[in-house]
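Novice: As a plain string of letters, each chain reads:
2 protein chains.
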Amino acid sequence: MQRYFIPKANWQNNTISIEGDDAHHIIRVMRMQAGDKIICNKLDASAAICEITELNTDSVTAEVLEWLESNTELPVNVTIAQGLPKGDKIELVLQKGTELGAYAFIPFQAERSVVKWDARKTDKKLIRFSKIVKEASEQSHRNRIPEIRQAMNLSQLIQEGQRYDIKLFAYEEEAKTNEFHSFSSVINQVKNDDHILICIGPEGGFSQEEVTSLKQHDFIPVRLGPRILRTETAALYALSSISYHLEELGGTSCQQ
Amino acid sequence: MQRYFIPKANWQNNTISIEGDDAHHIIRVMRMQAGDKIICNKLDASAAICEITELNTDSVTAEVLEWLESNTELPVNVTIAQGLPKGDKIELVLQKGTELGAYAFIPFQAERSVVKWDARKTDKKLIRFSKIVKEASEQSHRNRIPEIRQAMNLSQLIQEGQRYDIKLFAYEEEAKTNEFHSFSSVINQVKNDDHILICIGPEGGFSQEEVTSLKQHDFIPVRLGPRILRTETAALYALSSISYHLEELGGTSCQQ
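Listed in order, the protein sequences are those of chains F and Z.
Sequence positions in the first sequence follow the numbering used here and run 1 to 256.
Sequence positions in the second sequence follow the numbering used here and run 1001 to 1256.
Hints may contain errors.
[What the hints assert, rightly or not] Listed next, with one range per pair, are the computed distances between beta-carbon atoms: (1) F:Arg120 to Z:Arg1028: 37 to 43 Å; (2) F:His195 to Z:Ile1049: 41 to 47 Å; (3) F:His24 to Z:Glu1091: 29 to 35 Å; (4) F:Ser46 to Z:Lys1191: 41 to 47 Å; (5) Z:Arg1120 to F:Glu69: 50 to 56 Å.
[Stated by the list, open to error] Chain F side only, calculated, beta carbon under 10 Å to chain Z, not exhaustive: (6) Gly101; (7) Val114; (8) Ala238; (9) Leu239; (10) Ile242; (11) Ser243.
In short, the hints are calculated from the structure, not lab data.
We put the beta carbon where it would ideally sit given N, CA and C, even for glycine.
Starting from the given sequences, assemble the full structure and let the hints guide the process.
Specialist: This is the structure we're talking about:
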């Protein structure tokens, strides 16, 4: 069944007014008719099966038939701070990170990021990125659309970190040191609704200064498996692992 | 340090003769000199730090300095049977599946695969795919290069399944049935070196006939988290989860 995210303002009790691209999709792409059913999501994570009652040239009206119980959100809120990678790799992270349950994304202007974003480029990108993330949310039947935050440099990211219950950064050198923190021991300790920040370095990795600074500000270095992952794969490993630990292994926490 | 996979035939005790693309890379791309160090992998999964002793126009000689202990292979052998997806999505699965530790890949001509492979197209593709997989192995510091098998249809895949200790297929409808098999309960039971086959449907999913047939032949249906994943993301979730369970959670198996 097709799913659409409809802004709160368009909901009046159980009647929903659908406009813009979503209306276009219903009317011209899917060619739906009165009586057809769709899923409508409020942006606060609730969702309902709705029946289309009216179709106009540019708008559609639907009525809630049944609220949905199922929750397709991760039990914790994972924000991915992605070191800006080359080319359009960040779009892969946004799309698949959304499929895999990310709460939000922060583009991180890392020291070794080859690509530099300026304000003008960023606005255009953010429009495209928002489309990618909205579409991925709908297609993966999520109850909310991840937020894409403004790009941050290291000091902004460190400041941002103060708002989180747990903050990590992917650092493959970690496994070789004595202060080894395992990723699973961190995930083992999370509580429902915790806000977790995971920072991923760009292709060149984190610089020594970034590593020192992150550690000084209580960002926990973790490895993500024993293999070197490309920058755009790391977030996908992290999100899949968190989902697996909390949604597939179930309520029983695993002691190491 | 640069890593190269050198065929067994080129190893004479501790002396390695490097030719072809790898020699070109060392001589002209990296511009190495005698005394420089590289990592050489034998295709049987052993690896050594080597010193370059001689460079010619088209070949390089190196000597083993030190064998490496670290194993970057998954403790189980996971073969991904990927329902042929549209476009070049399969390249994403091959590249990232390799980063994430896959043992082998089987392109699967599923009933709902939009793209159909013929023998002529397939040979050209296999050359390109082999390059992708070799490069991903080197970059992720794996000890072996995953094999890309010939494409199979359903009956060939079912026959192939007989060679595995465990065979699964990703089926999101599974979580809604009474015979729910959790992915983690399956992973919980694997033993080191087991051969696991994981089948992923194409964009349209598995057909009802495929589902029935796979179940009849002891392929276990599992869901991969509560969100719908795109065909090219499913294998990445599965491999990340297996790595997380067996390499990050450690030897202690988790009881559900």
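Novice: The structure should be examined with respect to each hint, and the outcome stated for every one.
Specialist: To see whether the hints hold, each was checked on the structure:
1. As the Cβ distance of F:Arg120 to Z:Arg1028 is approximately 39 Å, the hint placing it in 37 to 43 Å holds.
2. Separation of F:His195 from Z:Ile1049 is about 42 Å and conforms to the stated range, judged on CB atoms against 41 to 47 Å.
3. Take F:His24 and Z:Glu1091: their Cβ atoms lie about 32 Å apart, and the range 29 to 35 Å holds.
4. Judged by the Cβ atoms, the range 41 to 47 Å given for F:Ser46 and Z:Lys1191 holds: they are separated by roughly 44 Å.
5. The hinted window of 50 to 56 Å between Z:Arg1120 and F:Glu69 holds, with their beta carbons roughly 51 Å apart.
6. Among the interface hints, the one on F:Gly101 holds; its C-beta lies about 6 Å from the nearest C-beta in chain Z, closer than the 10 Å criterion.
7. Given the 10 Å rule on beta carbons, the hint for F:Val114 is violated: about 17 Å separates it from the nearest Cβ of chain Z.
8. A distance limit of 10 Å between C-beta atoms decides the matter here; for F:Ala238 the minimum to chain Z is near 8 Å, and the interface restraint holds.
9. Using the Cβ-Cβ criterion of 10 Å, the hint placing F:Leu239 at the interface with chain Z is satisfied: the shortest such distance is roughly 8 Å.
10. Interface hint at F:Ile242: satisfied, since its Cβ lies 9 Å from the closest Cβ of chain Z, which is below the 10 Å cut-off.
11. Below 10 Å, beta-carbon pairs count as interface contacts, and F:Ser243 has one with chain Z at about 4 Å; its hint therefore holds.
The structure does not agree with numbered hint 7 stated previously, though it agrees with all others.
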